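Residue numbers (this note's numbering): 1 to 203.
Be aware that one or more of the hints could be misleading.
[What the hints assert, rightly or not] Label pairs and their in silico Cβ distance ranges: (1) ASN63 x HIS141: 24 to 30 Å; (2) GLU185 x ASN125: 24 to 30 Å; (3) SER198 x PRO122: 25 to 31 Å; (4) ALA119 x VAL140: 28 to 34 Å; (5) GLY139 x ARG95: 20 to 26 Å; (6) PRO66 x ALA184: 29 to 35 Å; (7) ALA196 x ASN125: 34 to 40 Å.
[Said to hold, decoys possible] Taking lysine-lysine pairs in the DSS-like style, the calculated list, with each CA pair at most 25 Å apart, reads: (8) LYS146 x LYS84; (9) LYS87 x LYS194; (10) LYS173 x LYS194; (11) LYS77 x LYS127; (12) LYS87 x LYS127; (13) LYS146 x LYS87; (14) LYS194 x LYS77; (15) LYS146 x LYS173; (16) LYS84 x LYS173; (17) LYS84 x LYS188; (18) LYS84 x LYS195; (19) LYS194 x LYS146.
Simulated from the structure, these hints should not be mistaken for laboratory data.
All figures in this text were calculated on a predicted structure; none of them were measured in a lab.
Backbone N, C-alpha and C define an ideal beta-carbon position, used for all residues, glycine too.
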Amino acid sequence: MEKFEANWNRKSSSSQEQREEEEPSNGVEDLFSGPGFNNIHRGSRMARARRTSLDSLNFPKSNVPPPPLPPVIDTTKLNYLFRKQLKNSDVSTLRRIVIPKTLVLEPNYDGSFQKEAEAYLPFLNAKEGITINMLDMDGVHEWCFKFRFWPNNSSRMYVLECTGDFVNTHGLKPGDYIILHQTAESEKYIIEAKKAGSSPQKT
Numbered sequence: 001m002e003k004f005e006a007n008w009n010r011k012s013s014s015s016q017e018q019r020e021e022e023e024p025s026n027g028v029e030d031l032f033s034g035p036g037f038n039n040i041h042r043g044s045r046m047a048r049a050r051r052t053s054l055d056s057l058n059f060p061k062s063n064v065p066p067p068p069l070p071p072v073i074d075t076t077k078l079n080y081l082f083r084k085q086l087k088n089s090d091v092s093t094l095r096r097i098v099i100p101k102t103l104v105l106e107p108n109y110d111g112s113f114q115k116e117a118e119a120y121l122p123f124l125n126a127k128e129g130i131t132i133n134m135l136d137m138d139g140v141h142e143w144c145f146k147f148r149f150w151p152n153n154s155s156r157m158y159v160l161e162c163t164g165d166f167v168n169t170h171g172l173k174p175g176d177y178i179i180l181h182q183t184a185e186s187e188k189y190i191i192e193a194k195k196a197g198s199s200p201q202k203t
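Generate the whole structure from the sequences, applying the supplied hints.
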């Protein structure tokens, strides 16, 4: 009988030790000991590995060419027409610049006097006018203006309409100037914005 009890105690002790080895000593550790949580602490290492892998890649350089530079207008091939000093109404929300029939008589750059504005601009048969495209002296913009006139007694007062974007682009204020040129070959109109106090350039 004593021998049987000794054998039973050894078996019980061995079974208990086996269960203790199989069972976790802490329930929290058991949550992260399963096969589904083998990589629970590897996130930062995997992120670093991915970054290193991406850094080692050699991406091909873009073959898109840089944007072309704006064309430079050759001022030696321009004919100066006239300039007009802007008033409050020319830079207001009306978005139009008045060009009087007869400009202020002032010496031109070559020493001669200005002529009437209508000598430089297309003749208008009707007051509704025509559309005129003008290149900007900055070489970037091309403006589409409406050139028309208002009957003024027996005379006319000419206007360039739709000039708001041109005025805003150059930040023109009362006292600044617009200068009109024309290409010698194609007779294309070139409009230039000049701030007050800047020296006009002879062309």
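Violations among the numbered hints, reported as their numbers in ascending order: 11
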